[in-house]
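Work the whole structure out from these sequences, hints included.
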Amino acid sequence: MDTHYITPRNVLKDLVYTIIVSTLIAALLTFTGITTKSFIINLVVSQSFGISIFSIIIFLLWIFKPEKIVSVAFIVMIGIASGTLIGLQIGSFVLQQFFSIILKQQEISSLRAYILAITFGIILSYFFYSKSRLRVTEEEIQQERIKRLSSEKEALEANLRLLQAQIEPHFLFNTLSNVLSLIDTDPTSGKSMLVDLIHYLRTSLSRTFPDPITLDQEMDIIKAYLNIQRIRMGERLRFKIELPDAVRQHPFPPMLLQPLVENAVKHGLEPKMEGGEIMIKAIEQGDLIRIEVMDTGFGFSSCYKAGVGIGNVKERIKLLYGEKGRFIIEENKPNGVRAIIEVPKQ
Amino acid sequence: MIYKAILADDEKELRTYLKTILSEIWPELIICGEAKNGKETLELVESKRPQIAFLDIRMPGLSGMEVAKKIAGLCRIVFVTAFDQYAVETFEKEAVDYLLKPVSKERLIQTVQRLKNQLNSSIEPPARLTEVVEQVLSKLSGRGGADFLRWIKTQNKDSIRLIPVEEADYFKAEDKYTLVVTKEGESLIKKSIKELAQELDPTQFWQIHRATIVNVSKIDKVSRSLTGRGILRLKDRPELLTVSRNYLHLFKQM
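Quick note, the sequences are listed as chains S and H, same order. Reading the first sequence from the start, the letters are residues -12 to 333 in our numbering. Reading the second sequence from the start, the letters are residues 21 to 274 in our numbering.
Do not rely on the hints blindly, as some may be mistaken.
What the hints assert, rightly or not - Subject to a maximum C-alpha distance of 20 Å in a straight line, what follows is the list of computed SDA-like cross-link-like pairs (lysine to any residue):
(1) S/K0 - S/I45
(2) S/K24 - S/F61
(3) H/K32 - S/G298
(4) S/K311 - H/T202
(5) S/K253 - H/P80
(6) H/K203 - S/D274
(7) H/K32 - S/E264
(8) H/K177 - S/I228
(9) S/K301 - H/E60
(10) S/K301 - H/E187
(11) S/K253 - S/R277
(12) H/K173 - H/I183
(13) S/K253 - H/L128
(14) S/K259 - H/E60
(15) H/K136 - H/V123
(16) H/K173 - S/E318
(17) H/K203 - H/L254
(18) H/K90 - H/V65
(19) H/K39 - H/L120
(20) S/K178 - H/P122
(21) H/K125 - S/F314
(22) H/K241 - H/I213
(23) H/K203 - S/F314
(24) S/K253 - S/G298
(25) S/K320 - H/I51
(26) H/K24 - H/L128
(27) S/K259 - H/Y267
(28) H/K177 - S/P321
(29) H/K173 - H/K210
For the record, the hints were derived by calculation from the structure and aren't laboratory data.
What follows is the structure, given as structure tokens:
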């Protein structure tokens, strides 16, 4: 029995069922010869039992709104027990009043026993039948849901990564301008800048990149990016990467750390006239790996609009690691921003 | 007549490049100074009085556009940009001189020709430039949306943590301060709920009570209580919030 079904429409529907079932019980009692009473007597008694039991069960369900199947069963039993008592009184009253039939005590108890047994049987079998059917569909729904959720999760992850892999046109054209100039003035630097740009582009554009990569590989791309930026910004950009050997080969999702570094350059150092420093540090901490991206740049002013990039990182960490991953942004001292990622060791 | 020009770009290599190809195309032009940010550019224009300024749009401190606003009447301006779609469209429409990075020789030849013509016929620098610059600047600042509060600074032991506003479930007034409630926990900030109400994006944050502002995207459902107020259930917090009668209209269409 569904517990949330107490609506006028459903109650009416079930009342009709109850009347039909009661009629069938009366017919069964009469025509199989279980009792020797006439159909009318059986019908009246059966209906008063049925309607009483039904009303009490509905009333109790409505009052208590039970969630558990055990509580529903308990209510049904109370309904049957009290319903038969009341039903019998009503039944005898109706028979006496409208049909001038007075039932003997013995007849009453045998009728009561039969009707009770059949009612019980019907209710119980309905109960187990619907319960087993419910379990099957619930299982199906659950499986469907899991399937859908995991594919949704994968799609979401892919989308977020794609968003992060977008290359900033400013960055691209400025870098190419630099290369063009360096070809004449300093071909060696020009060449290495181009190599870095190719490395950066290939990773950013590649959608078939092995998943996940190692922390070392992610740092490689970041280094390529920072090398390019160092040529562009000159002494306005200094950077340091600390990656202990112990975590180098640790698996890491691609393009997760890089947006933080790009943010630090774009929003932290580029707008600051004297520039500053970027420090990237990975450390093992118990069963966690903690990676910090610090800059001494502009910090969080009102013009800092990194909502999308930062939101993306947060979202991806939640998708990939659930409650085990963490992403924190702090104010760096004395100035700038410190972004911290914590992921479980694998 | 011999003309003087200044180059402004925060990237040294790009100034060098422009200088090199300019010297090939217009050898008589004197590059009388280079600037690597907006402030230096202003100083150079002041001290050297050049007839031409090549201005990179994106520079730290004052941007090229902001510099242009101040020096528009003093010299001819050629904007240089790697990629500023809107600015370029406007320049094109308004016939403002501009160069795209990487700067191509052909394009620079055209620009130099135009500059020479203008200077030789001694046409005054167009005053209209200020208008165009204003137009681009207002469009650029408007595009990022109005300046609503984006980060909430909260004290966390010895560090100041930054929470993106969209992560807040709701804000609750606590005397003069405000309690920020997120999925992870609560923290107190030194800002009154009144101040917050003015700084938050009203499409994302609704005031539902004198003392409460709720993040719309975190609302699960709102039901009406027997007393005629609203009971608001959040998606990831167990507590229920009260919507006072004055604010119930916010949920009328939902």
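Against the 20 Å threshold, does the CA-CA distance of H/K203 and S/D274 hold or violate the hint? Violated, at roughly 24 Å.
Would you check the hint for S/K24 and S/F61, treating anything up to 20 Å between C-alpha atoms as holding? Distance ~32 Å between S/K24 and S/F61 Cα, so the pair is violated.
Pair hint S/K253 and S/G298, alpha-carbon separation not exceeding 20 Å: holds (16 Å)
H/K173 paired with H/K210 [C-alpha distance capped at 20 Å]: holds (9 Å)
Taken at face value, is the distance from the CA of H/V65 to the CA of H/K90 at most 20 Å? Measuring from Cα to Cα gives roughly 10 Å; hence the hint holds.
Please work out if H/K32 and S/G298 have their alpha carbons no farther apart than 20 Å. violated (34 Å)
When you check the alpha-carbon spacing of S/K253 and S/R277, does it fall within 20 Å? It is violated: about 23 Å lies between the C-alpha atoms, which goes past 20 Å.
Given hint H/T202 paired with S/K311 - CA-CA distance at most 20 Å: At roughly 18 Å apart (the allowed maximum being 20 Å), H/T202 and S/K311 satisfy the hint.
Does S/K259 pair with H/Y267 here, judged by a C-alpha cut-off of 20 Å? violated (44 Å)
Starting from H/K241, check that the Cα of H/I213 is at most 20 Å away, please. This hinted pair is violated, its Cα atoms lying about 23 Å apart.
Pairwise hint evaluation, H/L254 against H/K203, where the allowed Cα distance is 20 Å at most: holds (10 Å)
CA of H/K203 to CA of S/F314, is that 20 Å or under? holds (14 Å)
In this structure, the hints that do not hold are numbers 2, 3, 6, 8, 9, 11, 13, 21, 22, 25 and 27, in rising order.
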